[in-house]
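Engineer: Keeping their order, the protein sequence lines are chains A and B. Residues 852 to 1033 (this note's numbering) make up the first sequence, in order. Residues -9 to 299 (this note's numbering) make up the second sequence, in order.
Accuracy of the hints is not assured; some may be wrong.
[To be verified] Taking beta-carbon pairs under 10 Å as the criterion, some of the chain B residues facing chain A (in silico): (1) Glu18; (2) Gly129; (3) Leu153; (4) Leu176; (5) Gln227; (6) Leu230; (7) Leu288.
[Unchecked claim] Below, simulated DSS-like cross-link-like pairs (lysine-lysine); rule was C-alpha separation at most 25 Å, straight line: (8) B:Lys125 x A:Lys868; (9) B:Lys285 x A:Lys855; (10) A:Lys868 x B:Lys285; (11) B:Lys236 x A:Lys868; (12) B:Lys220 x A:Lys855; (13) B:Lys282 x A:Lys868; (14) B:Lys140 x A:Lys868; (15) B:Lys220 x A:Lys868; (16) A:Lys855 x B:Lys236.
No lab work stands behind these hints, which were simulated from the structure alone. Model, not experiment: these values are computed from the prediction. Ideal placement from N, C-alpha and C gives every residue a C-beta, glycine not left out.
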Amino acid sequence: MSSKIPIEELLRWRVAKAETDAPPAPRAARLLEMARPWWEIWPERFQSFVERLGGIQVAYGHAMAEPGQSRTGHPVPTLIVCPVEELETSVRVLYINVRDGRLRLRFQLDAGAAQDHESFEVTFVSDKPERPLLSAAAILSLESEYCIDTELCEELAHGWEQLKVTDRMPFRLILRSDKDVG
Amino acid sequence: MKAENESLLSRATSLGSLGAAARQQGEEVAAAAHFREAFGLALDAANQATDGGSHRARLDTLRAAARFALDCGEVTDARRLMNEAFSIEASTKFADEWAQLRDVTAWPDTWLVAAVRRDPPDVQALDALANRYWKTLFGRCQLLTLNHQKAGDLAQEAWCRVLRVRHALKPGGNFPAYLTTIATNLWRDWYRSAQRAGDMADHRLESLDAAHPNEDGESVALIDRIPDLKALSPEDQTLLAMDIDKALEQLTPQRREVLVARFINGESCAEIGQRYGRTEQSISGWVRQALKEVKLHLEAAGRGAAVKA
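Take these sequences, add in the hints, and give me the full structure.
Structural biologist: Right, here's the structure in full:
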């Protein structure tokens, strides 16, 4: 019997064992294939979503004048894609912050849109020209808001640094449910 | 001609030093610009050395140019320059000063990351980088998920996330720490989703299958004491790993994450506190509490005589 072993040493031993038991690293080609964004894999699908997104009309002035909405931002035209249906709607950006190359954004689905998704894969699409900018996971918080916290490329980080929640957002959104993503 | 060549190389070297300094300070745009300029000058020097210079001078210039090419992620150019050098002098292939350049697995992280953030990324560099940090990443993922399959999924997904934003990677940054952070953030998101999904969440359903009581209703994973860790038989190692995993499973995900950050990633309580928006003292308290809880659970598993918190 040895002398007593500190818990931290046990943890390190456990990690070392896990490392020894690790499966082989995936090959670069597989990682690159897995990392390909969905719009590259299904360009036609992306195009059809973009066309629908472009058709969504949001009454900005009316929406901003609604009582109780003074502290929230512009509605952002949004297409929700689920396996059984596609819903044209909008979301309200409640918070946006770009710092150190990271985007932190919170939004709320407009009333009437499906509220029961734990998470979405959110694709940001630029207005004109309509092209995919990035995709990120949005997780539903306890306050029924969806939160995004993700890295931005330099170009977007620079361009969005000054964005305020009250600005008109330079993007539209495609929200894909987990089931659709899977 | 020789003097001009030396002057070009000297300017390239100075620019390379500036690039390295900028990279160290996280100023990647400036670093890339310096390295690119240094690469251009070194290429000019290499071209001049072709006209009547000595073999040695030309090889040295080619090597410098290849290094600067790798510094700015121009892997194809670097390989072309290396091949040129090997064609001038075949023995160069085996010379020590070319060894690191030739062998992609010997490249420092800065070169590998610079090669991966390019479009298209260099596949060999990505293979080398993935191999270099896969086991370490998997080990941390195992401790967070406490499940071999999920650890693999998490590690793989972390890599995918990194690759999706690879243009934003900083070659001078701490790549393995970044990879671990991405995996930890992902795991936190998964956990939150599962928590909201409630009783039907994957991990809960799996935990029903994971209980393996023996005929007496006691866990078969328990052994009485922990002998010298290095002397454990493979079977005992498996049992001990199961007991540790069970003890960790009893912690809240946040406490587990803090233990991993503190003792496996080697972060200080102050650093962890910054991430959580808590004071160093709070985190220190969390760590003590988590250790105490693990000890209690290991005691319950019959290993109390051998561990101390």
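Engineer: A separate judgement is required for each hint: does it hold in the structure or not?
Structural biologist: Now the hints, each set against the structure:
1. Glu18: Holds - the Cβ of glutamate 18 of chain B comes within 10 Å of chain A, reaching about 8 Å at its closest.
2. Gly129: holds (4 Å)
3. Leu153: For leucine 153 of chain B, the interface hint holds, since the closest Cβ of chain A sits about 4 Å away, which is under 10 Å.
4. Leu176: Where the cut-off is 10 Å and the nearest Cβ of chain A is about 8 Å from leucine 176 of chain B, the hint holds.
5. Gln227: Given a least distance of 6 Å, the restraint on glutamine 227 of chain B holds.
6. Leu230: Holds. Min distance 8 Å.
7. Leu288: With a minimum Cβ separation of about 8 Å from chain A (threshold 10 Å), the hint on leucine 288 of chain B holds.
8. B:Lys125 x A:Lys868: holds (10 Å)
9. B:Lys285 x A:Lys855: holds (12 Å)
10. A:Lys868 x B:Lys285: The given pair, whose Cα atoms are some 20 Å apart, holds under the 25 Å limit.
11. B:Lys236 x A:Lys868: Between lysine 236 of chain B and lysine 868 of chain A the Cα gap is close to 15 Å, so the pair holds against 25 Å.
12. B:Lys220 x A:Lys855: holds (14 Å)
13. B:Lys282 x A:Lys868: Answer holds: lysine 282 of chain B to lysine 868 of chain A is near 23 Å, not above 25 Å.
14. B:Lys140 x A:Lys868: Measuring from Cα to Cα gives roughly 16 Å; hence the hint holds.
15. B:Lys220 x A:Lys868: holds (11 Å)
16. A:Lys855 x B:Lys236: holds (20 Å)
Figure legend: structure checked against the earlier numbered hints; every hint is met.
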